[in-house]
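**Student:** Heads up: the protein sequence lines correspond to chains P and U, in order. Read in our numbering, the first sequence has 38 at position 38, and its numbers run on one by one without any break. Read in our numbering, the second sequence has 70 at position 70, and its numbers run on one by one without any break.
Heads up, a few of these hints could be off.
Claimed, not checked - Computed footprint of chain P on chain U; a stretch qualifies when at least three of its residues, placed anywhere within it, have a C-beta under 8 Å from a C-beta of chain P: (1) 36 to 45; (2) 82 to 94; (3) 154 to 166; (4) 172 to 180; (5) 185 to 198.
Claimed, not checked - Below are the BS3-like pairs computed for lysine-lysine, each with C-alpha atoms no more than 25 Å apart in a straight line: (6) U:K153 with P:K127; (7) U:K153 with P:K25; (8) P:K171 with P:K203.
Claimed, not checked - Not close to chain P: a few residues of chain U, all C-beta gaps over 12 Å, as computed: (9) D23; (10) N53; (11) Y71; (12) E74; (13) R77; (14) T78; (15) N79; (16) K203.
Calculated from the structure, these hints are not laboratory results. These figures come from a predicted structure and were not determined experimentally. Idealized CB from N, CA, C, for every residue including glycine.
Residues per chain, in single letters:
There are 2 protein chains.
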Amino acid sequence: MLRIISDITIVWEMIGMTKIKLDEKISPYPMPVVIVGSVVDGRPNFMTVAWVNRLNGSPNMWGLAIGKNQYTLEGIRTNQTFSINIPDKDLVVETDYCGIVSGRTVDKSELFEVFYGELESAPMIRKCPVNLECSVYDIVELPSASLVLGEIKASHTEERFMTDGRLDPKKINPIMFTALDNQYWIMGESVGDAFQIGKQLSK
Amino acid sequence: MLRIISDITIVWEMIGMTKIKLDEKISPYPMPVVIVGSVVDGRPNFMTVAWVNRLNGSPNMWGLAIGKNQYTLEGIRTNQTFSINIPDKDLVVETDYCGIVSGRTVDKSELFEVFYGELESAPMIRKCPVNLECSVYDIVELPSASLVLGEIKASHTEERFMTDGRLDPKKINPIMFTALDNQYWIMGESVGDAFQIGKQLSK
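The following block holds chain P by itself, in its conformation from the complex (with noise of 0.2 Å):
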């Protein structure tokens, strides 16, 4: 169907066949994954979520979509109150437990060391090298999840995880996860510094 040709996307460009249709449902890239807290029926929950971003600067808020029949919406909802940590490589293990079980029919409570801070009932893993407690600002009711916006009310990590008195990626080494293949990755090399390495398209 193809000529042989030094550069293949040209020729599918010429015969209108560069683009397919695809799936809708697809989630095509790697998305951080973190270990959500939270305290439900009285004690330490935790849950692996990937559908996590930062949604607002100031004040530093993150949104969470969650399956409205999960256990940990029940203590966020009761407690308006959690945790996100973000695990490392060595914590993939428990990372992925924590998405496959849930806490209605196995404690996990026991699973990682937990410490406190200011909110009472946002409960932190201490072995995650980030950790952040949030109080909930508000919950939007999607079809089949429920929104959980959260404002950051205290950040904790370790000085091993910092370079320079500042966080820094390669040593926080956080996971992936992509539903295209059900896998977790680590991070790969800096290709570029942002808001700089753009300036050369600028006439």
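Mind docking chain U on chain P? Use the hints.
**Tutor:** Same frame as chain P, but now just chain U:
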């Protein structure tokens, strides 16, 4: 302050120094980077967004948090449509550029070869490995950002980004952004099978 010992973290825990508090404004992990396409003032415009993630399973919904004064937001409000384009490593300069300059002052309509799918006002970037056409489900107003909730109506790729009929994250080669140090990153190695490796903790 610390005695020399093989596992420094144990000492830190013993003396209660493990965790330190951070500025609460942090964004502690690599965020996905996408280029959002919209039609503003009659022409295609493109804006880089890192505050993006999936929010709902069925329908497939995504959220973009965008500063309230962004030019792109005018087009999204007017047309109730937009595109999410996943750039790869080779587009990191253009991606950064679209995050530096505003369409209000610079015409970005000629920066990329554009194509359209089902939605007339969702311009997509041909060079990006994956393109999602979205219609607006709702816009939630937050203190300093507008959270655009989009429903994916169609998605597009090329055969060369697939393996065995499925999108392949390594072939897409997406970029991520860390706000901690203003860097772009590519994915590293796979470190585990999701929904599998955690099973070893089940008794």
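**Student:** Give me the numbers of the hints this structure contradicts, sorted from smallest to largest.
**Tutor:** Hints 1, 6, 8, 9, 10 and 16 contradicted; others consistent.
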